[in-house]
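Colleague: Starting from the known structure of chain A, fit chain B onto it as the hints suggest.
In the order they appear, the protein sequences are chains A and B.
Count the first sequence with the working numbering and you get residues 1 to 267, in order.
Count the second sequence with the working numbering and you get residues 1 to 300, in order.
Please note that the accuracy of each hint is not assured.
Selected chain B positions facing chain A (in silico; Cβ < 8 Å) [what the hints assert, rightly or not]: (1) 45; (2) 124; (3) 129; (4) 130; (5) 210.
Calculated pairs, DSS-like style, for lysine-lysine (alpha carbon to alpha carbon, straight line, at most 30 Å) [claimed, not checked]: (6) 8(A) <-> 113(B); (7) 109(B) <-> 8(A); (8) 113(B) <-> 190(A).
Residues from chain B that keep clear of chain A, each with C-beta distances beyond 12 Å, as calculated [as the list claims (entries may be wrong)]: (9) 26; (10) 102; (11) 168; (12) 196; (13) 222.
If you're looking for bench data, these hints aren't it; they were derived computationally from the structure.
Just so it is clear, CB atoms sit at the ideal spot from N, CA and C, and this is done for glycine as well.
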Amino acid sequence: MEQIGQRKIDGLWLTVVGIAVLFFLILPTLIVIPMSFSGASFLEFPPTSFSFRWYTTYFTSPEWMSATQTSLIAAVITTAIATPLGSLCAYGLHCCTPRIRSAAQILVIMPIVIPVILIGVGVFSLYAKLGLNYTLTGIVIAHTALALPFVIVTVMSGLQNYDFDQELAARSLGASRAYALWTVTVPQVKFSIQTGAFLAFITSLDEVVISMLISGGDKATITRRMFNSLRDQLDPTIAAISTCLIVVSIAMLIGVQLIGRSKNIDK
Amino acid sequence: MSAAEAYESAETLQNVSTLKSEERRERRTFLGLSIPAVLVIFVVVFLPVLWLSSLSFYNAAGELSMENYARIFESALYKRTFVVTFQISVAVTVICVLLGYPLCYWLTKVSDKTAAILMVFVLVPFWTSVLVRTYAWLVLLQRNGIINSSMMSMGIIDEPLQLAHNLTGSIIGMVHIMLPFLVLPLYATMRTVDTDLVRAAIGLGSSPRGAFWRVFFPMSLPGLFAGIVLVFILSLGFFVTPALLGGGRVQMLAQRIESTITVYSNWGAASALGVVLLLMALVVIWLMNRFFGLDKLFIR
Numbered sequence: 001m002e003q004i005g006q007r008k009i010d011g012l013w014l015t016v017v018g019i020a021v022l023f024f025l026i027l028p029t030l031i032v033i034p035m036s037f038s039g040a041s042f043l044e045f046p047p048t049s050f051s052f053r054w055y056t057t058y059f060t061s062p063e064w065m066s067a068t069q070t071s072l073i074a075a076v077i078t079t080a081i082a083t084p085l086g087s088l089c090a091y092g093l094h095c096c097t098p099r100i101r102s103a104a105q106i107l108v109i110m111p112i113v114i115p116v117i118l119i120g121v122g123v124f125s126l127y128a129k130l131g132l133n134y135t136l137t138g139i140v141i142a143h144t145a146l147a148l149p150f151v152i153v154t155v156m157s158g159l160q161n162y163d164f165d166q167e168l169a170a171r172s173l174g175a176s177r178a179y180a181l182w183t184v185t186v187p188q189v190k191f192s193i194q195t196g197a198f199l200a201f202i203t204s205l206d207e208v209v210i211s212m213l214i215s216g217g218d219k220a221t222i223t224r225r226m227f228n229s230l231r232d233q234l235d236p237t238i239a240a241i242s243t244c245l246i247v248v249s250i251a252m253l254i255g256v257q258l259i260g261r262s263k264n265i266d267k
Numbered sequence: 001m002s003a004a005e006a007y008e009s010a011e012t013l014q015n016v017s018t019l020k021s022e023e024r025r026e027r028r029t030f031l032g033l034s035i036p037a038v039l040v041i042f043v044v045v046f047l048p049v050l051w052l053s054s055l056s057f058y059n060a061a062g063e064l065s066m067e068n069y070a071r072i073f074e075s076a077l078y079k080r081t082f083v084v085t086f087q088i089s090v091a092v093t094v095i096c097v098l099l100g101y102p103l104c105y106w107l108t109k110v111s112d113k114t115a116a117i118l119m120v121f122v123l124v125p126f127w128t129s130v131l132v133r134t135y136a137w138l139v140l141l142q143r144n145g146i147i148n149s150s151m152m153s154m155g156i157i158d159e160p161l162q163l164a165h166n167l168t169g170s171i172i173g174m175v176h177i178m179l180p181f182l183v184l185p186l187y188a189t190m191r192t193v194d195t196d197l198v199r200a201a202i203g204l205g206s207s208p209r210g211a212f213w214r215v216f217f218p219m220s221l222p223g224l225f226a227g228i229v230l231v232f233i234l235s236l237g238f239f240v241t242p243a244l245l246g247g248g249r250v251q252m253l254a255q256r257i258e259s260t261i262t263v264y265s266n267w268g269a270a271s272a273l274g275v276v277l278l279l280m281a282l283v284v285i286w287l288m289n290r291f292f293g294l295d296k297l298f299i300r
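So that you can see chain A by itself, here it is in the shape it has in the complex (with noise of 0.2 Å):
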């Protein structure tokens, strides 16, 4: 009887434990939501009174809207780039030998785990000489170096639950191993692809250090103009452009997650 209740007693406390956990989790995230309807002029929560009047400030503001600009265009043109890039990357690499493979595995997961001030700094110098600071291309090329690894894991995860002997079947049926690839392979990988489409597109969009560093002048990102404003002042605008952000975060996650779903009923 003792241990049965002793048993009672350490459920109850990992149940209230993992609670407070997941709530410490998602509350902070999710506060700015109500605090960028606020009405004041300083930031309060709770809010008091509700007005739009912060999210007028950010549409209005050319600065802001410039940089938003600048980082969606960007997002957009390093997604398109990463996501094929990424997905031949994957390809290639689960054709050829294990050792090439898990030698290259190590290589295209570094620059997740350099500290990324490090390849801020390195990038910021090497394109002082290229005259690429400042300028979009040299945005987009960061942050492709950057998505690459997010796409190449996603797609060969994705390549090592596919059964690569339908693609030797196309091939004895006589379909080039190009055509193969594209009508059976892409296929069957799609999912993948599309969930490293939207990890490129997330990692572009929410990339600070490095767009620090590089961008500026009117081709300053939205989070190089949020951060050197945070460093000043709590400004409530940001708060109106954090729940924007976060709007397309959990709009990304969404897309993943109904990818999954259909990836499961079609199985």
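Modeller: Okay, now just chain B, sitting in the frame of chain A:
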């Protein structure tokens, strides 16, 4: 063996060797598909970081020297930066384990469907910008923020605590950012643990606690270790949250590198700090590869 059979087996052998060389050629061609991506990573990540590292071996006069490294080990300021960086990274990692392990363990106890819904609470922060979350903490932890005001109205404290713009704020914010990096690999590993083994241990007379520590816990270690390494490595080089929540009072390595370049334009000193940071990160990665296997990151 008849002549015809011998001929046939010779032909088979020849076919096999043709096939093998074809396969090799094809593997080379398809490895070529990886080249564009690897090239981008090499040019944008490796070359600049290598070049940056090479700068650390030159002094202000442009001569080869170890001056920059000597200064790191002599200067009290730099020493302090290393100590603070290390202390914060360890503290953040330990707190993440203390919060993340019970959470993951609890998630394995509830039904799969409930766990999937609860994982949204981990995934939404994970996908939300670090900047947005740091901003939220700045607001929550400020002098007249909700945490101070609610503690004051409950009578726990008489005057507002200094929570933001110091070490406390940096650690709270960093734990919030890093926790999903611990939870995701740990939970993935815990889900693969066969709970029948725990039940078997209890059936054979072990206490539930004994079964947990001697059966379940060891099997969850690979995921825990992967999470710890990830959190520790990301904390060592973390910039955004300590820069904003530390309010200039907390200087971690990444901030020191940034200010050494943007404020003092001292590339030699900054790159020497960078090399040390890189070496610390590489040692941790090497350890991870040794005991856990980096390629396991690719299997989900």
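Colleague: If a hint holds in the structure, say so; if it does not, say that too.
Modeller: Outcome of the hint check:
For residue 45(B), the suggested interface contact is upheld, since its CB lies about 5 Å from the closest CB of chain A, less than 8 Å. Taken as an interface hint, residue 124(B) checks out: its beta carbon lies about 6 Å from the nearest beta carbon of chain A, inside 8 Å. Annotation: residue 129(B) was flagged as interfacial toward chain A, and the flag holds, the nearest CB pair being 4 Å apart, inside 8 Å. With its C-beta approaching chain A no nearer than about 7 Å, residue 130(B) sits inside the 8 Å limit, and its interface hint holds.
Annotation: interface hint on residue 210(B) violated; nearest CB of chain A at approximately 11 Å, more than 8 Å. Only pairs whose Cα atoms come within 30 Å are accepted, and residue 8(A) paired with residue 113(B) is accepted, the gap being roughly 22 Å. A distance of roughly 13 Å separates the Cα atoms of residue 109(B) and residue 8(A); the hinted pair therefore holds under the 30 Å criterion. Restraint check for residue 113(B) and residue 190(A): satisfied, since their Cα atoms lie roughly 25 Å apart, inside the 30 Å limit.
Distance check on residue 26(B): its Cβ comes as close as 8 Å (rounded) to a Cβ of chain A, failing to clear the 12 Å threshold; non-interface status is violated. The claim that residue 102(B) lies off the interface is violated: its Cβ sits roughly 4 Å from the closest Cβ of chain A, which falls inside the 12 Å cut-off. Look at residue 168(B): its CB is around 15 Å from the nearest CB on chain A, clear of 12 Å, so calling it non-interface holds up. For residue 196(B), the non-interface assignment is confirmed: its Cβ lies about 18 Å from the closest Cβ of chain A, beyond the 12 Å cut-off.
A cut-off of 12 Å between C-beta atoms confirms that residue 222(B) is not in contact with chain A; the least separation is 17 Å.
Figure legend: structure checked against the earlier numbered hints; hints not met, in rising order: 5, 9, 10.
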